[in-house]
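Trainee: Sequence:
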Amino acid sequence: MTPAFDSWMAFFMMGGYAFYVWLAVAVTVLSLLGLWVHTCWQHKQLLADIQRRQAREQRIRQAQLNQTNSDISLQEKQP
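FYI, in the working numbering the residues of the sequence shown are 5 to 83.
No wet-lab data here; the hints were simulated from the structure. The beta carbon of each residue, even a glycine, is placed where N, CA and C say it ideally should be. None of the hints are false.
Cβ pair distances, simulated, as ranges:
#: 1; residue 1: 71; residue 2: 46; range: 32 to 42 Å
#: 2; residue 1: 36; residue 2: 59; range: 26 to 36 Å
#: 3; residue 1: 72; residue 2: 51; range: 25 to 35 Å
#: 4; residue 1: 20; residue 2: 53; range: 46 to 56 Å
#: 5; residue 1: 9; residue 2: 30; range: 18 to 28 Å
#: 6; residue 1: 64; residue 2: 33; range: 38 to 48 Å
#: 7; residue 1: 10; residue 2: 32; range: 23 to 33 Å
All chains, please: the whole structure from these sequences, using the hints.
Mentor: This is the structure:
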């Protein structure tokens, strides 16, 4: 097996196409990095939204329970 490039310099020069090759590599890496950051941000937002919805549902259940208890106590006071 023979190496494709004689030296590291030849590897980085990519046979005269270094600008295009490394530009493509940079665009790919930056795109993947941006996608990863966006996914992490979206995941964090989703978890916060779920937490807000659960807290809201808990408040609604508590308010309904309080209303039911209030109605029952009012009925008990009436003759």
